[in-house]
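S.K.: The primary structure of each chain is shown beneath.
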Amino acid sequence: MLEIIVRIALLCCSLSMLGLIYRVIKGPSTADRVIALDSIGVNLVAITALFSIVHKSTAFLDIILLIGILAFIGTVAFAKYLERGEIIENEPNR
Amino acid sequence: MSYLLLAIVSPLLLAIFIPFFHKWFGRVHTGWFVLPLPILLFAYFLSYLPETMSQKRVMETFEWIPSLGMNFTAKVDGLGLLFALLITGIGALVILYSIYYLAKDKEKLNTFYVYLLLFMGAMLGVVLSDNLIVMYAFWELTSFSSFLLIGYWYERERSRYGAQKSMLITVFGGLAMLGGIILLYVMTGTFSMTEIIGTSDEIFNHPLFVPALVCILLGAFTKSAQFPFYIWLPDAMEAPTPVSAYLHSATMVKAGIYLVARFTPVFGESSVWFWLVGGVGLLTLIWGSMFAVKQTDLKAILAFSTVSQLGLIMSLLGVGAAALHFEALDDNIYTVAVTAAIFHLINHATFKGSLFMAAGIVDHETGTRDIRKLGGLMQFMPITFTISAIGAFSMAGLPPFNGFLSKEMFFTAMVQVREMNIFNLETWGILFPVLAWVASIFTFVYSMILVFKTFTGKYQPEKLDQKPHEAPVGMLISPVILAALVVIFGLFPNLLSGTLISPAMSAVLPDLLGAGEEFDVHISFWHGPNIELFMTIGVILLGFFLFKTYPKWGKIYGKLPQKLSLNRFYDGLIEKAQTGSNRLTNSYMTGSIRSYLVYIFTFFIFILSAALIRENAFKLDTSNVSSIGIYEMVLVLFIVVGSISILFVKSRMTSIILLGSVGYTVSLFYVLFRAPDLALTQLVIETISVALFLVCFYHLPKYRKLETRMRFRLTNALISIGVGAIVTIIALSAHSNKLFDSISQYYVENTYVEAAGKNMVNVILVDFRGFDTLFEITVLAIASLGIYGMIRLKSDRGKQG
Numbered sequence: 001m002l003e004i005i006v007r008i009a010l011l012c013c014s015l016s017m018l019g020l021i022y023r024v025i026k027g028p029s030t031a032d033r034v035i036a037l038d039s040i041g042v043n044l045v046a047i048t049a050l051f052s053i054v055h056k057s058t059a060f061l062d063i064i065l066l067i068g069i070l071a072f073i074g075t076v077a078f079a080k081y082l083e084r085g086e087i088i089e090n091e092p093n094r
Numbered sequence: 001m002s003y004l005l006l007a008i009v010s011p012l013l014l015a016i017f018i019p020f021f022h023k024w025f026g027r028v029h030t031g032w033f034v035l036p037l038p039i040l041l042f043a044y045f046l047s048y049l050p051e052t053m054s055q056k057r058v059m060e061t062f063e064w065i066p067s068l069g070m071n072f073t074a075k076v077d078g079l080g081l082l083f084a085l086l087i088t089g090i091g092a093l094v095i096l097y098s099i100y101y102l103a104k105d106k107e108k109l110n111t112f113y114v115y116l117l118l119f120m121g122a123m124l125g126v127v128l129s130d131n132l133i134v135m136y137a138f139w140e141l142t143s144f145s146s147f148l149l150i151g152y153w154y155e156r157e158r159s160r161y162g163a164q165k166s167m168l169i170t171v172f173g174g175l176a177m178l179g180g181i182i183l184l185y186v187m188t189g190t191f192s193m194t195e196i197i198g199t200s201d202e203i204f205n206h207p208l209f210v211p212a213l214v215c216i217l218l219g220a221f222t223k224s225a226q227f228p229f230y231i232w233l234p235d236a237m238e239a240p241t242p243v244s245a246y247l248h249s250a251t252m253v254k255a256g257i258y259l260v261a262r263f264t265p266v267f268g269e270s271s272v273w274f275w276l277v278g279g280v281g282l283l284t285l286i287w288g289s290m291f292a293v294k295q296t297d298l299k300a301i302l303a304f305s306t307v308s309q310l311g312l313i314m315s316l317l318g319v320g321a322a323a324l325h326f327e328a329l330d331d332n333i334y335t336v337a338v339t340a341a342i343f344h345l346i347n348h349a350t351f352k353g354s355l356f357m358a359a360g361i362v363d364h365e366t367g368t369r370d371i372r373k374l375g376g377l378m379q380f381m382p383i384t385f386t387i388s389a390i391g392a393f394s395m396a397g398l399p400p401f402n403g404f405l406s407k408e409m410f411f412t413a414m415v416q417v418r419e420m421n422i423f424n425l426e427t428w429g430i431l432f433p434v435l436a437w438v439a440s441i442f443t444f445v446y447s448m449i450l451v452f453k454t455f456t457g458k459y460q461p462e463k464l465d466q467k468p469h470e471a472p473v474g475m476l477i478s479p480v481i482l483a484a485l486v487v488i489f490g491l492f493p494n495l496l497s498g499t500l501i502s503p504a505m506s507a508v509l510p511d512l513l514g515a516g517e518e519f520d521v522h523i524s525f526w527h528g529p530n531i532e533l534f535m536t537i538g539v540i541l542l543g544f545f546l547f548k549t550y551p552k553w554g555k556i557y558g559k560l561p562q563k564l565s566l567n568r569f570y571d572g573l574i575e576k577a578q579t580g581s582n583r584l585t586n587s588y589m590t591g592s593i594r595s596y597l598v599y600i601f602t603f604f605i606f607i608l609s610a611a612l613i614r615e616n617a618f619k620l621d622t623s624n625v626s627s628i629g630i631y632e633m634v635l636v637l638f639i640v641v642g643s644i645s646i647l648f649v650k651s652r653m654t655s656i657i658l659l660g661s662v663g664y665t666v667s668l669f670y671v672l673f674r675a676p677d678l679a680l681t682q683l684v685i686e687t688i689s690v691a692l693f694l695v696c697f698y699h700l701p702k703y704r705k706l707e708t709r710m711r712f713r714l715t716n717a718l719i720s721i722g723v724g725a726i727v728t729i730i731a732l733s734a735h736s737n738k739l740f741d742s743i744s745q746y747y748v749e750n751t752y753v754e755a756a757g758k759n760m761v762n763v764i765l766v767d768f769r770g771f772d773t774l775f776e777i778t779v780l781a782i783a784s785l786g787i788y789g790m791i792r793l794k795s796d797r798g799k800q801g
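Protein sequences appear in the order of chains C and S.
Here the numbering used here is used: the first residue of the first sequence is 1, the next is one more, and so on.
Here the numbering used here is used: the first residue of the second sequence is 1, the next is one more, and so on.
The hints are simulated quantities; they were obtained by calculation from the structure and are not laboratory data.
A few of these clues could be false.
Simulated restraints on C-beta separations [what the hints assert, rightly or not]:
1) C:29 <-> S:612: 27 to 37 Å
2) S:590 <-> C:58: 34 to 44 Å
3) S:778 <-> C:9: 41 to 51 Å
4) C:58 <-> S:593: 46 to 56 Å
5) C:29 <-> S:766: 31 to 41 Å
Virtual Cβ for every residue (Gly too), placed ideally from N, Cα, C.
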């Protein structure tokens, strides 16, 4: 029973992944792509978690945390880049 | 090290001290310090005469590289001794002459005598070495020292040109000779000349026989200025005259003659040898004599005459080798060619040396060597005139000088060629005496031009830089000695026959002698009214007529097309080689990374597919392939879609993002294939590199930020598809050809037991195979330092500028 549900869930994640990738390619604006990437990150979290169930393993839980952090940092960096044109700003007195 | 070996290298040893002598005893002409050595050596080598006359030979060995069969073995036999005496004897005379010829305060005497001694030692090494590799080493040393001597006045452009030309040609021949020596080693398994001669019957039918023969002959022909390699010799006349007299008439150019004579017992029986040596010699003889007539420079006449006379000796050696076909010595009349060759070798060294020295005196005392400016010098320089006349008449083959005798014997040998019933000589043999006769006529003409245009006729003081007068006594000693030898050998030729010629002949034709026998060489001055005598009379009559009418027919030379000359060909070859290689290099070294990548990948595809096809290695075996699940297929779909769309997107930003998503999908693969550590690292690294890409993207210059799609290029497409296909095929074949089981079972069993860890990947990284990790850390350190350096250095430069 669990196995079937996991499979259905994975399928759904894949479908949404496809849609997100379509959005990444298509755009039209950079912000759309960044949002799509962020969602891909979340999707990856879901997929990794589902795989952990499939593999019956706890070795992948670190990855879930890492994806969460990276997706957050990446999106923040992108957002800052889009707004300021720079990610790490120089100190004003230099 | 025995005295003999020490004698051979003694010039090289003395050369070390010459600069000190020059520096410490600057008031004495450095040549005086050099002079005793060749005299001593000459006397020392004379002491070997009794041994060689009794057909013995002396061998001394100094072990150099015994494991490779390369030992410094000196062998003194008739041929080697003859050359050693020539080298040291004429060397002494030339050094004496050079003491008076080269001014003490104007010339760089230290370098001159160092080069000359290097040459002398090298030449002695060539003629007295029994080991072929050692002989080759000395051979190259003669080429180098000759190069240095020709370029002695290096500030002159012509000197540098002549030096380079002689270097290129003789070193080309020297390398060919090295090839021949190696082929001989392959055939016989030894570098020793004596042993090679002992096995000459075996190598005669060896498939490498002809290549070895041709290679050795290339060396001999380039060194001895045979057709078509003679062209360096006239240009080598830019050297100081003592050098021309020593190297380019008496010794170095005879190294090739020596080589041919030395190898006659090995190769002589083949018809290839006969036709190459004899034919090329004869061609050189007539070619050189015809061109000598045309020259207006004294030394150029002498250079071409040297070429022609060397051709004469070479053709005699070629014809003489045919004597090896007839086993018995009795009534083997063909050995006379070898006798003539050796006799003329000595004669040529004497008269050509004296002629060069006389030409040097004329140059020294009048300031020019151009025969159009010279004339009527007989009254000013009677002694020089006498020397020149003796030398030139001997060269022309007039009695009572030694040239007459050797020319008679030359005709004898050439006439006898017709009687040989081998090598198709019945039909073509007639060419030999005819060509020889015609060449002798030309020889007569240029010899007469040489003497009479210089010393008789109208005196033209207005064309001369200085008032001519007789040379100092010291300068005249050497040519007078040589000219006296010309006369003495002419009148008493049998002085030489028993002492030098007969032992040398037994070295050239060893098989013909039985035990205790020796060649009975008897040179008679008058041998009755035979065909040779009439040929000589014909030469004199026709030559005299041609000399008188030279102004009328000499113009023909002007009509000969310049383009056909071999110098033009050589210069064109050098020019073509330079422009050609330049063009070739420019054609593929475009400076564009794209084309280099095209070469690399094309080569990659070509070599791998060729290897696959050659070894028939493609194999597809699916027996141990696991089944493909739905997840893998989906992930593959993602990666394929992501990668392919990178190629087609317009914006760079999009391609960076797509690349990132491909990277993330790869990390999903790691998850799927149960590699959590890899997935972790992959995610972090992918994020960082995408960020770095974005930094790069951001800093692109504004005007280059053209957002265009990648252009389609057929070559690129074909190459990338090809690379992908070949790698896939190789991966499939490699998987299907698995020969051994994996060794991973060991790690599975021992990770906890031996290394006290449960994470196997990490235990491998830091414990089982920690060395790799260490150096990966180093790589990262280097990369980060490099980046830091690049950024800092650039910003510092920005501050300065």
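S.K.: Now, for every hint given, state plainly whether the structure supports it.
M.R.: These are the hints, each one checked on the structure:
1. For residue 29 (chain C) and residue 612 (chain S), the Cβ-Cβ distance of about 48 Å falls outside the hinted range of 27 to 37 Å, so the restraint is violated.
2. Between residue 590 (chain S) and residue 58 (chain C) the C-beta distance comes to about 56 Å, which lies outside the given range of 34 to 44 Å.
3. Roughly 45 Å separates the CB atoms of residue 778 (chain S) and residue 9 (chain C), a value that falls within the hinted 41 to 51 Å.
4. The supplied range of 46 to 56 Å is met by residue 58 (chain C) and residue 593 (chain S), whose beta-carbon atoms lie about 47 Å from each other.
5. The given range of 31 to 41 Å is broken by residue 29 (chain C) and residue 766 (chain S), whose C-beta atoms sit roughly 46 Å from each other.
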